[in-house]
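Enquirer: Could you build all of it, start to finish, from the sequences and the hints given here?
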Amino acid sequence: MTVIEPTGPSAATSAEPGVLQLGEAKPLRTEVWRRFRKNKLAVAGLIFLMLVILAAIFADLIAPYGFTDRPLPRTYRAGPSGAHWFGTDAIGRDLFSRIVYGARVSLKVGILATSLSLTIGILLGAVAGYFGGWLDTLAMRLTDVFLAIPYIILAVAIATLFGRSENSIIIVLGLTGWLAIVRIVRATFLSLKQLEYVEAARALGFGRWRIITRHVLPNALQPIIVYGTISVGTAILAEAALSFLGVGPQDPTPAWGLMVAQGKGDLVSASHLLFFPGAAIFLTVLAFVLVGDGLRDALDPKMR
Amino acid sequence: MPSYIIRRLLLLIPTVFVALSFLFFLFFLLPGDPVDLIVGGADRTVDPGVIARARARYGLDDPILVQFKDYWLRTLRWDLGESFLNGRSVNELLGERAVNSARLSVWAIIIEIIVGITVGLISAIKRYSIADKLTTIGTAAAAAVPVFVLGFVFQYLFAVYPNQHNWPEWARLRTSRLGPDEWFLFFIPQGEQWRYLILPALTLACVSTALAARMMRGSMLEVLQADYMRTARSKGLTERAIVVRHGLRNALIPVVTLIGLDFGTVIGAAVLTETVFSWPGLGFTIADAVGDRDLPVILGLTLVVVIVYALVNLLVDISYAWFDPRIRLGERGKS
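As you go down the protein sequences, you meet chains A and W in turn. Residue 268 in my numbering is what sits at position 268 of the first sequence, and the numbering runs on without skipping anything. Residue 381 in my numbering is what sits at position 77 of the second sequence, and the numbering runs on without skipping anything.
Quick caveat, the hints were computed from the structure, so don't treat them as lab data. Be aware that one or more of the hints could be misleading.
Here are the simulated SDA-like cross-link-like pairs (lysine to any residue), alpha carbons at most 25 Å apart as the crow flies [said to hold, decoys possible]:
#	chain 1	residue 1	chain 2	residue 2
1	W	K430	A	W33
2	A	K40	W	L506
3	W	K437	A	W33
4	A	K264	A	P71
5	A	K38	W	D436
6	W	K430	A	D297
7	W	K430	W	G442
8	W	K373	W	L389
9	W	K430	W	V403
10	A	K264	A	G79
11	A	K40	W	K430
12	W	K437	W	R499
13	A	K108	W	T569
14	A	K264	W	K373
15	A	K38	W	Y460
16	A	K108	W	A445
17	A	K108	A	R296
18	A	K40	W	F331
19	A	K38	W	D365
20	W	K437	A	I47
21	W	K430	W	R537
22	A	K264	W	D592
Bear in mind the structure is a predicted one, so any value in this text is a computation, not a measurement.
Expert: Rendered as structure tokens:
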């Protein structure tokens, strides 16, 4: 387990003569960014993510048509051309516009679902890891039971229950995504709570809540940040899979997974209908994974 | 060791019970009425008598707790009921579909173990070489590619494109379905069958192979720096003996855990792969049944998947002791 070492003024070495000079202490943020920058793949991922985020924010300006528009002259399943960069779909909608708007759906689902599962996972993991005892047993048994149900079956079942919309898919992914986070947070808390500074905080008479939120959690953040970044990608992937299986958002919604599902009958005649949205999912998820990996290496003190 | 295995097997019972009960109640909360399905579609106006008879036959009139009790009594006798959709026995369906899934996953796991471990090993030994860099990029890419998109890419490259461009017959693979269903020794494809098997097997293996390779690389890099490796070297052993006997065996421990834990991902990938390739296995059937709300089929097949999943995890735990004699199973007091 790694703990973020104190940096900043308190850790700065004294300038007394005869004492080994370790150089000026830099804020952790600068240090992490310096190391992150060295990883070219991670930087490439970050740049691509910026583009996706910009596409999502400025979709109205970037996309030549709306995602439900069927521009004239109508062309159906047409290949890429100057008028329609990614071609048109089965009912004549501009595929490029739909993919640009799709960035909104994917990012919204990915980020909100991850926030929800992080909240559940951190609360449950922190309580289990810090208090131990029967709370720990209960939380871990609960996790075991949910892990025993194959994820996709659980997600499909809950998705059927909540209906087919963007919001319900966020709830589904949020409610099924916390299992791994609980384990990570619990393990971190278990090792952190035995450290001396936590004991010191306890000896100072601080309350449990204050110790958990102010002393333990900040030091447990590193694996949470890394896992959280990657799991936004995972959530986008899961959303695409559920949309593909027909339990995700419904037709006019420009969800990438749904577009792949709609294009699957055209694999032989108009394969671009399937490959453009497929590539959008792939590249976006890849970018999240690369950035997550880069963050992990940059945050790991052993790699310095 | 035997007492450990028995305890783990006993612990399996409450886990399976709670998991399936959860699914049972979840499906009862779902909107829509299964009777519509039994009597044939929600849009049709059906004689109320038919509906009442169907309800009585499947016990759908009873309070939910009675149905719940009946469900478990039947399941304990290994009677999984019959499909709401077409009245087929779920036991029969299970026997037919499980075989297909088993064949597909055997090949996916063979690919995962051979390719994943070899690639990870080479990448760790030749660190910073071009092969290593390609592995790093390739594994990240394979972990990010949606299984269903990959399946379609394979179909396009190896079946659709060769067909459109008149490639020789031997180079054309098939896009979907089971094929002639001819097998030797249960899992070795015969005759035309391999053309149907190879693409879904590769698709299913892809994600887990990438994860295994990644894990193998990381684990081997750590092992290569261990003191006992230096000792082995100073004894004058050949590089091959050092890597295989001392390195590989130790580096495999986390990889085996991953392959076991990852089995859940394999099931998820199997649902998608089987859907893309119309491969009539468990995943394809479950996905179909969820869409149709065919409760007996979902619960019956899921029961088997949950049990297999739990047994795989048990096997993984037992295999630790084989890989690392220091691990004594069944000792209490370790986290």
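Enquirer: Each hint needs a verdict: does it hold in this structure or not?
Expert: Hint-by-hint comparison with the structure:
| no. | hint | verdict |
| --- | --- | --- |
| 1 | W:K430 to A:W33 | 28 Å, violated |
| 2 | A:K40 to W:L506 | 30 Å, violated |
| 3 | W:K437 to A:W33 | 22 Å, holds |
| 4 | A:K264 to A:P71 | 23 Å, holds |
| 5 | A:K38 to W:D436 | 18 Å, holds |
| 6 | W:K430 to A:D297 | 20 Å, holds |
| 7 | W:K430 to W:G442 | 16 Å, holds |
| 8 | W:K373 to W:L389 | 22 Å, holds |
| 9 | W:K430 to W:V403 | 40 Å, violated |
| 10 | A:K264 to A:G79 | 15 Å, holds |
| 11 | A:K40 to W:K430 | 20 Å, holds |
| 12 | W:K437 to W:R499 | 32 Å, violated |
| 13 | A:K108 to W:T569 | 24 Å, holds |
| 14 | A:K264 to W:K373 | 42 Å, violated |
| 15 | A:K38 to W:Y460 | 37 Å, violated |
| 16 | A:K108 to W:A445 | 23 Å, holds |
| 17 | A:K108 to A:R296 | 24 Å, holds |
| 18 | A:K40 to W:F331 | 47 Å, violated |
| 19 | A:K38 to W:D365 | 66 Å, violated |
| 20 | W:K437 to A:I47 | 20 Å, holds |
| 21 | W:K430 to W:R537 | 17 Å, holds |
| 22 | A:K264 to W:D592 | 17 Å, holds |
In the structure shown, a violation is registered for the earlier hints numbered 1, 2, 9, 12, 14, 15, 18, 19, in ascending order.
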